[in-house]
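Participant: Chain by chain, the residues run as shown.
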Amino acid sequence: MGLSAALLGMAACQDAGSDDTTDSAACGGKIAIFGAFTGPNAGLVIPSLNGAKLAVKQFNAANPDCKVTMQDFDTQGNADQATPIANQVAQDQSFTSVIGGHFSGESKATMATYDAAGLVMVSPSATAAELTTLGHKNFFRVVGNDDTQGEAAVTYIKNVLKGQKVFVIDDGQTYGVGIIDKVKAGLGATVAGSDKVQTDQQNFDATISKIKSAKADVIAYGGYTNEAAPLLKQARAAGVTAKFLGFDGLYDPGFPKGAGAAADGAVVTCPCLPAAEAGGTFSADFTKEYGEAPGSYGAEGYDGATILLEGYKAGKKTRAELQEWVRAYDKQGVSKYLKFAENGDVDKSKVVIWSYDITGGAFKAQQEIKLS
Amino acid sequence: MNFDELFGHLGQHTVDGLAKGSIYALVALGYTLVYGVLKLINFAHSEVFMIGTFAVLGVWNLLGADGTQGVAMTLLLLAAGLLGGALASGATAVAVERVAYRRLRQLNAPPLIFLITAIGISMVLSETFGIWQGRLVVGMPTLIKQKVAFTIFGTEVTNTQLITIVAALVMMFALDQFINRTRYGRGVRAVAQNPDAAALMGVNKDRVIMLIFLLGGLLAGAAALLYSVRYGNTRFNVGFLLGLKAFTAAVLGGIGNLRGALLGGLLLGVVEVYAATLTQSNWEDVAAFVVLVVVLLFRPTGLLGESLGRARA
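From first to last, the protein sequence lines are chains A and B. Count the first sequence with our numbering and you get residues 1 to 372, in order. Count the second sequence with our numbering and you get residues 1 to 313, in order.
Restraint-style ranges between C-beta atoms, simulated for each label pair: (1) Asn343/A - Ile152/B: 56 to 62 Å; (2) Leu75/B - Lys215/A: 35 to 41 Å; (3) Thr74/B - Ala62/A: 56 to 62 Å; (4) Pro300/B - Lys215/A: 43 to 49 Å; (5) Tyr184/B - Asp264/A: 47 to 53 Å; (6) Gln367/A - Leu75/B: 42 to 48 Å; (7) Gly291/A - Leu87/B: 37 to 43 Å; (8) Asp264/A - Asn108/B: 56 to 62 Å; (9) Leu10/B - Lys215/A: 18 to 24 Å; (10) Thr287/A - Gly70/B: 38 to 44 Å; (11) Met1/B - Lys370/A: 39 to 45 Å; (12) Leu75/B - Ala276/A: 45 to 51 Å.
To be clear, the hints were calculated from the coordinates, so they are not data collected in a lab. Glycine included, C-beta positions come from ideal geometry on N, C-alpha and C.
Could you put the whole structure together from the sequences, leaning on the hints where they help?
Facilitator: Shown next as structure tokens:
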């Protein structure tokens, strides 16, 4: 299946040639945005793409003399597909900035390529903590990382769920392992048991037995919908009543859909802002444009694009100028106050993390989790 | 190594494993039937199963299943699901044979070519469903609320596990009787033993081959229903891993041997659950394939060996 997926991905990026070569226009430029716009986890990423598109559209309407175009590249969330795209964008001199990656794996895989080409990357949603420790100065993200999300989850488990026996599960991948390790370290002795599942696993009997034997009252799951939804459904069917806590990887409408009634009462944390809390008219504009409220990372995608658009507006034209622009950015955005630390992480004091719970198959913003 | 957990609830883990293995066994029959007659591994069989699960889901949605229906309606939904799943899977299996294999057989193509078309068809079907249905897991209505059916020596057997195991055994027995006692079965065994001699004796080879694809498909459809009842989820690549495991089960028991498929499937299910319990769930595949390799090293023909033509004991 992987092979054919790769073939499809290659076909999808065929038409990405350079259309307008370096023009000497006084203002404007071209942004590349990449991420999982199709594939199993597209539901997590599409709101961000739409947020960025909205920002570009509004900008071009307001600045007819400073046209910025944005071209999207679909990676299906797969690092192997993101790499050839990165090479192509890096070589095409008409691209002067990049929004992405949306996932941690694809960001990690392409960072060096974009860095070598001098292209700035603004990520709306890649949260793995290690991304900003790899020494690439071109990477900036407008979300809190998994270390801060892990801390917030620990606070939430202790103070809100009041978990005494926590069972932790991850899917063995970069994102899931990273966040669960952080949660484990933070909870210490209240971790009553753990298990590792694998991608595409279908039967979770052994995991459920372990949860029952541990008499867990809270389950913390680091991973994505394809495994979490069947796991939760089977656990509930088998009579497990422990509260279920997931992370931003599950903040996807597909999760309650896949798990059905079993998802009711489940909670996910996300370093993303609820639509209703976003600043300005963003939420209303988004809803008007797309006919639905912005989901996960919609506001962050909008912010990421806005940072770059303001750079073009200020007359920045080259890759180097734009990178400097982002590094020095210091302004209120719709999702949070946007200012970057030395390593490219958003200023920790500005990070916002919210919990969302599922009722009747839909996510509802619950509360902001304050980092202690 | 969590021996306390494994031996503390050994009965529980064994029942879990048997229920899991029953579904492997039903799918394994499709591989074994085809291999026994054609000496061909039909890799598209995993997609035959996948299409069965989507057919079950489609039928349930059509009839408005929502998990709140009464007993009579539940039975009706089960019957309709079985019919829909079996028909869809059976039709897919027969169509795969017509499209991908029949002409190659007439051209006397080398076995490798069959393998390539099998993988090709498998990809075509699963990617088509991936594009059509999305790549995310699809939830199904919960038809039967899981309850403990009975407790034996402290081991709880749930109603859905019981249904899965019993249904798999019944179907296995029926197939075994069909192959060994009916006229059609005799034709199948004859073609498996010696296709040319069978043809000379008046057996229609193409008909027999269509029959085994149909049988394998019907059983995969039944497995799809049991899977849907027990897990309540499906997705475009649901057949990939399960098909691989079922194929492994068939080889483990002795490919081409019906009873071997049953034994291999159950054994594989139990080994996986034991391994996942002892260590972490992501070790279950390692354990399953270690067992396969070790068994094959000592018994290259699988546990029960023999081919379909001679399996009578």
